[in-house]
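Peer 1: Chain by chain, the residues run as shown.
Number of protein chains: 2
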Amino acid sequence: MSERPDFFARHRDLLERAIEATRSRDYWSPYPESPSTSVYGEAAPAQGEQAFRAHLGRPFDLPGHPGQGRTPATEVSPYGFALEVTYPRVEPDEAVAAARKGVPAWRDAGPDTRAGVAAEILARINAASFEIAQAVQHTTGQAFVMAFQAGGPHAQDRGLEAVAYAWDAQRRHPESARWSKPQRKGGPLELDKSFTPVGRGVALVIACNTFPTWNGYPGIFASLVTGNPVIVKPHPRAVLPLAITVRIAREALAEAGFDPDLVILAAEGPEDRTAAALATHPDVRIIDFTGSTEFGDWLERNAPQAVVHTEKAGLNTVVLDSTADYKGLLGNLAFSLALYSGQMCTTPQNLLIPRDGLTTDQGVRSPEEFASDLGAALDRMLGDPARAAGTLGAIVNDGVRARIAEAAGAGRTIRPSARVEHPEHPDADVRTPLVALLDAADREVYTREWFGPVSFVIATDSTDESLRIFRETVRRHGALTAAVHSTREEVLRAAEEAALDAGVHLSENLTGGVFVNQSAAFSDFHGSAANPAASATLSDPAFVTGRFTVIQARRPVPAPDKDADAEPARA
Amino acid sequence: MSERPDFFARHRDLLERAIEATRSRDYWSPYPESPSTSVYGEAAPAQGEQAFRAHLGRPFDLPGHPGQGRTPATEVSPYGFALEVTYPRVEPDEAVAAARKGVPAWRDAGPDTRAGVAAEILARINAASFEIAQAVQHTTGQAFVMAFQAGGPHAQDRGLEAVAYAWDAQRRHPESARWSKPQRKGGPLELDKSFTPVGRGVALVIACNTFPTWNGYPGIFASLVTGNPVIVKPHPRAVLPLAITVRIAREALAEAGFDPDLVILAAEGPEDRTAAALATHPDVRIIDFTGSTEFGDWLERNAPQAVVHTEKAGLNTVVLDSTADYKGLLGNLAFSLALYSGQMCTTPQNLLIPRDGLTTDQGVRSPEEFASDLGAALDRMLGDPARAAGTLGAIVNDGVRARIAEAAGAGRTIRPSARVEHPEHPDADVRTPLVALLDAADREVYTREWFGPVSFVIATDSTDESLRIFRETVRRHGALTAAVHSTREEVLRAAEEAALDAGVHLSENLTGGVFVNQSAAFSDFHGSAANPAASATLSDPAFVTGRFTVIQARRPVPAPDKDADAEPARA
Numbered sequence: 001m002s003e004r005p006d007f008f009a010r011h012r013d014l015l016e017r018a019i020e021a022t023r024s025r026d027y028w029s030p031y032p033e034s035p036s037t038s039v040y041g042e043a044a045p046a047q048g049e050q051a052f053r054a055h056l057g058r059p060f061d062l063p064g065h066p067g068q069g070r071t072p073a074t075e076v077s078p079y080g081f082a083l084e085v086t087y088p089r090v091e092p093d094e095a096v097a098a099a100r101k102g103v104p105a106w107r108d109a110g111p112d113t114r115a116g117v118a119a120e121i122l123a124r125i126n127a128a129s130f131e132i133a134q135a136v137q138h139t140t141g142q143a144f145v146m147a148f149q150a151g152g153p154h155a156q157d158r159g160l161e162a163v164a165y166a167w168d169a170q171r172r173h174p175e176s177a178r179w180s181k182p183q184r185k186g187g188p189l190e191l192d193k194s195f196t197p198v199g200r201g202v203a204l205v206i207a208c209n210t211f212p213t214w215n216g217y218p219g220i221f222a223s224l225v226t227g228n229p230v231i232v233k234p235h236p237r238a239v240l241p242l243a244i245t246v247r248i249a250r251e252a253l254a255e256a257g258f259d260p261d262l263v264i265l266a267a268e269g270p271e272d273r274t275a276a277a278l279a280t281h282p283d284v285r286i287i288d289f290t291g292s293t294e295f296g297d298w299l300e301r302n303a304p305q306a307v308v309h310t311e312k313a314g315l316n317t318v319v320l321d322s323t324a325d326y327k328g329l330l331g332n333l334a335f336s337l338a339l340y341s342g343q344m345c346t347t348p349q350n351l352l353i354p355r356d357g358l359t360t361d362q363g364v365r366s367p368e369e370f371a372s373d374l375g376a377a378l379d380r381m382l383g384d385p386a387r388a389a390g391t392l393g394a395i396v397n398d399g400v401r402a403r404i405a406e407a408a409g410a411g412r413t414i415r416p417s418a419r420v421e422h423p424e425h426p427d428a429d430v431r432t433p434l435v436a437l438l439d440a441a442d443r444e445v446y447t448r449e450w451f452g453p454v455s456f457v458i459a460t461d462s463t464d465e466s467l468r469i470f471r472e473t474v475r476r477h478g479a480l481t482a483a484v485h486s487t488r489e490e491v492l493r494a495a496e497e498a499a500l501d502a503g504v505h506l507s508e509n510l511t512g513g514v515f516v517n518q519s520a521a522f523s524d525f526h527g528s529a530a531n532p533a534a535s536a537t538l539s540d541p542a543f544v545t546g547r548f549t550v551i552q553a554r555r556p557v558p559a560p561d562k563d564a565d566a567e568p569a570r571a
Numbered sequence: 001m002s003e004r005p006d007f008f009a010r011h012r013d014l015l016e017r018a019i020e021a022t023r024s025r026d027y028w029s030p031y032p033e034s035p036s037t038s039v040y041g042e043a044a045p046a047q048g049e050q051a052f053r054a055h056l057g058r059p060f061d062l063p064g065h066p067g068q069g070r071t072p073a074t075e076v077s078p079y080g081f082a083l084e085v086t087y088p089r090v091e092p093d094e095a096v097a098a099a100r101k102g103v104p105a106w107r108d109a110g111p112d113t114r115a116g117v118a119a120e121i122l123a124r125i126n127a128a129s130f131e132i133a134q135a136v137q138h139t140t141g142q143a144f145v146m147a148f149q150a151g152g153p154h155a156q157d158r159g160l161e162a163v164a165y166a167w168d169a170q171r172r173h174p175e176s177a178r179w180s181k182p183q184r185k186g187g188p189l190e191l192d193k194s195f196t197p198v199g200r201g202v203a204l205v206i207a208c209n210t211f212p213t214w215n216g217y218p219g220i221f222a223s224l225v226t227g228n229p230v231i232v233k234p235h236p237r238a239v240l241p242l243a244i245t246v247r248i249a250r251e252a253l254a255e256a257g258f259d260p261d262l263v264i265l266a267a268e269g270p271e272d273r274t275a276a277a278l279a280t281h282p283d284v285r286i287i288d289f290t291g292s293t294e295f296g297d298w299l300e301r302n303a304p305q306a307v308v309h310t311e312k313a314g315l316n317t318v319v320l321d322s323t324a325d326y327k328g329l330l331g332n333l334a335f336s337l338a339l340y341s342g343q344m345c346t347t348p349q350n351l352l353i354p355r356d357g358l359t360t361d362q363g364v365r366s367p368e369e370f371a372s373d374l375g376a377a378l379d380r381m382l383g384d385p386a387r388a389a390g391t392l393g394a395i396v397n398d399g400v401r402a403r404i405a406e407a408a409g410a411g412r413t414i415r416p417s418a419r420v421e422h423p424e425h426p427d428a429d430v431r432t433p434l435v436a437l438l439d440a441a442d443r444e445v446y447t448r449e450w451f452g453p454v455s456f457v458i459a460t461d462s463t464d465e466s467l468r469i470f471r472e473t474v475r476r477h478g479a480l481t482a483a484v485h486s487t488r489e490e491v492l493r494a495a496e497e498a499a500l501d502a503g504v505h506l507s508e509n510l511t512g513g514v515f516v517n518q519s520a521a522f523s524d525f526h527g528s529a530a531n532p533a534a535s536a537t538l539s540d541p542a543f544v545t546g547r548f549t550v551i552q553a554r555r556p557v558p559a560p561d562k563d564a565d566a567e568p569a570r571a
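So the protein sequences, as listed, match chains A and B.
Position one of the first sequence corresponds to residue 1 (UniProt numbering), numbered consecutively onward.
Position one of the second sequence corresponds to residue 1 (UniProt numbering), numbered consecutively onward.
This is chain A alone, in the form it adopts within the complex (with noise of 0.2 Å):
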């Protein structure tokens, strides 16, 4: 047998960075986010390409994967063409039983390896990003670039992440101690202790359709790495960049001497309910969900004998106060309300502003007139078609475009969505963000989610009523963003004060390349399991210590050997 390869020697470095940077939290990433062959090679856009096309209208290939037959194909890409791709179908039982098989010797490899081979796969994972990217963008409908990134580095960045806090966690004990208690006659109690983690069972992942990888890579590479096997239960419209994921985690554990099925692919067709036969079996101990609020919801209820970590709906507010740089202001919301048609977890959507209006450098605007700038923000970003569907992308499901049209009947529409001919793919549906002026009276419009392309003006009566309605609303409702435009230092810090209360992160004057829905790996905390948006941070410590237990064993010191102890006495 050929010696097996050292990943974690390779990787040690990255990972010791990995976990300062998570310290420091200042800018870091180790994966390239600029889609470019001067840093990804000149071959490896054509060879991405191709790689996404040799999977189409085929059997998707998983060597010794469980499971009996196949999946029908579900997905579709929004650009308009179906993908015909089919997965092994596996029975949950069976799913649960083979990843079951490796978990003694992943167990006995101890933390160190276990990260070792997480970083690996993460590395190979990299190397297939221009690959990843077209499965991202042909089943989200994401852009290609914004595939490339949020799908690619970016969803890297955030799996490394958990790897350094899971590996990190590990570390916080040693792997034994001496433990010597003095007595008040004779020598002291002695035990030798060692210290061993042991991973909680198996771990689910329930990824979502918008971003199967961003989402998804946190929960997987921090239940791996914490000693758990991994069952990926993909959204049947966007498997395919979870299943050349799980290819690749299984290539890298069969060659590091490890079971392949520690991560399996839970593919399901239409009719299958498999997210819930999986979340409640006895055995499935952890659980990683995206999705909707209704689901999350059940399955913090209805999985008592797992850990449970949801990142659900919310209301995303603004904070509209002052600005000193109207422009900038219009120009940054316009961008998040546009990128990937804000269908987005944490695009914004309730734009608080008193009704006296905005105090801004280029006088006060009041709410209609704000909507109205805001409109046209849209329109000179949008104006042109390649630009705008660079932005865009497409629209993901009839779900959004569902709310879309109910939204044309929701307050007084200032901008309404419209469609984009897409330059390059004509049946591709892209839309436009709507923007819709309410009052604060409307709360029964404003205190549910519309995700996707839908935002709203709301008018109230000054700034603190704003903050008390952001305060409320958030805390009882959930968010997973929010931002102020400010010019006043008090105004920040009690819309600091209110975020607290909410338990929401805030963003302040963003007016320019930085967007209140992005967050960056290692220095940005995504989400919150202070408001019901989400149970979960990605990724900090309370995200990685529920996936494991230190598991000790103990036992007296052996007595000294008579020669060795009479050894200083000859001396």
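One should not assume that every hint holds.
As the list claims (entries may be wrong) - Partial list, computed: chain A residues near chain B (C-beta under 7 Å):
#, residue
1, Gln68
2, Ala177
3, Val198
4, Val364
5, Arg468
Derived by calculation from the structure, the hints in this document are not laboratory data.
Note that the Cβ used here is the ideal one computed from N, Cα and C, for glycine as well.
Following the hints, put chain B in place on chain A, whose structure we already have.
Peer 2: Then chain B, alone, in the frame of chain A:
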């Protein structure tokens, strides 16, 4: 107004040392465990008893505590007298509302200040150790020395350990960071970020009858230090030790300038269902529970809004293979069974021994011979009534009495439980351990917990079968402790592997002054989320990280002042 005391400065060295102890896991205890006048002062024992006596027959005074009226007196000493103490009666809504008042100031104070206040509370609790020991003795039935040690300094150790983990976890990330992302063109994108730990919400501690302080302190202190107010719901039969604790906590909080209602006592009458009402209150976001499997499971299923830490029942198991010190084994195990009449969550219940016998330095002992030898060791240890009473304590409640009666009909009794006359308290119900012989086939008997002085010697086909039963029963039903005796390294290794599979901490070959049912703070983990007997470990990072979230705010770095910018050129 007088200046606030700086409790953090006062206790900083202790806190740093405590964190270091959680990392090294060697022996460390800041609170002397000996109830000795040379440590605590000549007057301490008498003053403690006097303070305890002063509570009897009176309404317990908690100045400023919310509530209307008093609970009926519910505590009766297992040593034969009613305490006749009443407590404030506070409705769940009222308790939660009062607890929440002080949260913003407590949050804004930051982790250092909170840890300092907690350490001060513990210092004052330590000074009250004799008073608390009396209260523990006369609510739990523990003998005085054990009530002092386990209810006093050892509980304080566990409290400080939780403070250390909670403080450390909040220092994992910086308070602020500057993020600077290089751009291809122009200067970097720069943001200033702040990170603030925010408590999850109101914490509820549901304490037990037998170890109100030892099992209660970790949750109380972990929640408090992470920024949460704490409602302490004592067992109706063991209120006083926690009432004294709450009084001390409120005094220290008030002195430090905080709302004393950050710690509230929720005593209840015998008909009240306060625990369930509080546990399902939407603002109660953290629950720590010690008690029955039934209610623990109910909490895990019915309080999805909260993170729930439970310690429930289990099947503490000893695998007996061989020993080089049979006398030491018998003496050590007999003490473990006798201590507090086996009314510990850590007392061994199932003693697995090969049908062919245990190999010892005194020859091979069959299961029946071993059971008989163990009975004889118990007789020797408990022959002197004063010493017996000092070890056994008194039976805590009717549930234990009923199980002893029932156990007389379970399997073949080799050593019956017997009453012992207490030399000082003629009304105390003191009982010795029962030892019965079972076969491995008698699963229905030994796969339930017999909390109290009931243990089974279970004959198995071999040590291999013993290990199989150990692994399977603990995996399924849970355990707080496990032990093995063997002279063969391969058996010890196999037992360690089985313990990792079962998710339970293992003690090996204990024949001296360390007992399986003792666990030392800062070195031994107590409990494990890896088996059904508990969902938490006292204390580890997982025990604290779910109690708070780090909330982030970010804003662009201000443009440099032009004059300041020009400075270097002028210099």
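Peer 1: None of the hints should be skipped; say for each whether it holds.
Peer 2: Status of the hints after comparison with the structure:
no.: 1; hint: Gln68; in the structure: violated (29 Å)
no.: 2; hint: Ala177; in the structure: holds (4 Å)
no.: 3; hint: Val198; in the structure: holds (5 Å)
no.: 4; hint: Val364; in the structure: violated (23 Å)
no.: 5; hint: Arg468; in the structure: violated (15 Å)
Violated hints, listed in ascending order, are 1, 4 and 5; each of the other numbered hints is respected by the structure.
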